[in-house]
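Heads up: the sequence lines are chains A and B, in that order. Under my numbering, the first residue of the first sequence is numbered 1, with each subsequent residue one higher. Under my numbering, the first residue of the second sequence is numbered 1001, with each subsequent residue one higher.
No lab work stands behind these hints, which were simulated from the structure alone. Computed from a predicted model, the values in this text were never measured in an experiment. Do not take every clue at face value.
[Unchecked claim] When the alpha-carbon atoms are kept at most 27 Å apart in a straight line, the in silico DSSO-like pairs for lysine-lysine are as follows:
1) 1279/B with 1243/B
2) 8/A with 1141/B
3) 1141/B with 10/A
4) 1243/B with 10/A
5) 1141/B with 1122/B
6) 1320/B with 1256/B
7) 1254/B with 1243/B
8) 8/A with 1243/B
9) 10/A with 1104/B
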Amino acid sequence: MCRGRIRKIKNLLPIATIWWREIIRFYRQRSRLFSAIAQPLVFWILIGSGLSASFRPAGATDELDYIAYFYPGIVVLVLLFTSIFATISVVNDRREGFLQGILVAPVPRWRIVLAQALGGTTLALLQGVLLLLLAPMAGIRFGAASFFLTLGVMALLAFSLTNLGLLIAWRMDSTQGFHAIMNLLLIPIWLLSGAFFPSTGVPSWLAWTMKFNPLTYGLAAFRHSLYLDTTAKAFGEGTSWLLSLLITGLFCILTYVGATFTASAQTN
Amino acid sequence: MLRSENGRQEVFLVVDTEVLHSIVTESRQPMADSQIQVENLSHAYQQRQALDNISFDVSCGEIFGLLGPNGSGKTTLFRILSTLMPVTAGTVRIFGHDLATEVKAIRNLLGVVFQHPGLDAKLTVVENLRHHGHLYGLAGKTLRHRISELLERFGVSDRATERVEVLSGGLQRRVEIAKALLHSPRVLLLDEPTSGLDVAARRQLNDYLSMLARTENILVLMTTHLLDDAEACNRVGILDEGKLVALGDPDELKTKVGGDVIIIESVDSGTLGPAINEKFKVSTVLTDDQLRIECERGHEFVRDVVAAFPEEIQSVRFGKPTLEDVFIKLTGNPFV
């Protein structure tokens, strides 16, 4: 029994060490913190204030203007940016960096990907929590249940977005193509998740695209958890709690399996 | 004169194939106690054949050098041996384990030093080693002892808590090797370990590797495109366009190729070459506008050839063969 426990610790050690390296690296390159948070914040304040005056999302009330509508979307954008920055380093690290050594060590690929994904998730969560401090500006008051639920949903979202980034990064030989993928794939996924505008009243092709976007459900789950304790109801998304959580969980598993599969296929 | 005492002038024409044959057949006999056995290894990328039916063996306690110009296939071979790329044709056995099926067992036996820095520049020396140790299941007191022991041995103890990015290239390379040895591997694989180092640091590194192979009974295998590095190896395999063209002790290879090497420069090497061939019954090789001739009793040949073509010859160099000569002799191409 004791031996079994030692073996378990030995298996966890590589995961812990890869995860911890991600955290230290981030701490020592603090400009990353700034770039991942500042840009979405500027978007929120400028776009949110600008559109509030002239534009009311369907289902808006006096308490819930566009700034409030846009807030959950901005938090998810911060999660997305952090996850992407965390995964971009994989591309270079694999060609010339510490990751080369990890790949020839006796560590199964699924553990390497899990550790990287957990590292990205941790960093995204830390920054997401910083942004939650601004929740009162969006008219949100947290109870304990709402707060911890929100953290849980954010963790699921960050984990799937990091894995989505890893899935792409493990395929790439250089970071040059990453910007194109970010602009053509990742940002549209975010734009069409209900982060920027609700699906009510949009042309039907767009509504359908949004229905098939997994992040739509992630955002719905996030809105549900944020407004759990608030009397003012969240914007009617038409997606139930259960369905949005279910699909978000599924998205998590699929992206992780996909990232592991890609990492194994790209290396021996 | 070339008509040597026993009068066998044609010796220079037949030696090529004979040397090639003897060098290659000798290598094919697997050594009983060899710890790396590569047999008929081939690898192709889409269209290009990067490795073509390569066989060799390496034993513990020796430094084996894979010498070849860029694009000769040595990086592909390194990536296969270090378990980064799968074996697609042929077999590789490392300490009895089949590389195609027992990757995990082999990974525990290997210490790998990559050509591109394998250290995290944002981490300190100790942190790099600690993370590496964890990957191999080392932890706690054992790991701490091992780290300080290796840093001591490589003379970087006093820099242990500094970030890798502030260390010089030579020091970084030493830390990389310390890192690769941390988990006490039986095989040390190095890809172009001396690239980017100055002459002194290069020599020091080669000396250290020799000492390591001898005293720790570790098998050291390194790739290089530098002839000096290859000279420091116990045995070398010379790669060209995916083929292993020579294998053996560097000195042995050189003596097998020919007695002396004469390099002649001329304003018109293209016509001088055939003229020399005609007159002295030798075979000249034209590389980089220089004529290369290998022969016994080179000092006599130099005297005679200068006397015969005083106008055409600009300069003559005379020397003992180097591994470069071996390469040129076997492939007909300059070593670049």
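Here is what the structure says about each hint:
1. 1279/B with 1243/B: 35 Å, violated
2. 8/A with 1141/B: 19 Å, holds
3. 1141/B with 10/A: Roughly 15 Å separates the two Cα atoms, so the pair holds.
4. 1243/B with 10/A: Not OK: residue 1243/B and residue 10/A at ~42 Å, beyond 27 Å, violated.
5. 1141/B with 1122/B: 24 Å, holds
6. 1320/B with 1256/B: Between residue 1320/B and residue 1256/B the Cα gap is close to 12 Å, so the pair holds against 27 Å.
7. 1254/B with 1243/B: Roughly 19 Å separates the two Cα atoms, so the pair holds.
8. 8/A with 1243/B: Answer violated: residue 8/A to residue 1243/B is near 45 Å, above 27 Å.
9. 10/A with 1104/B: Holds, at roughly 15 Å.
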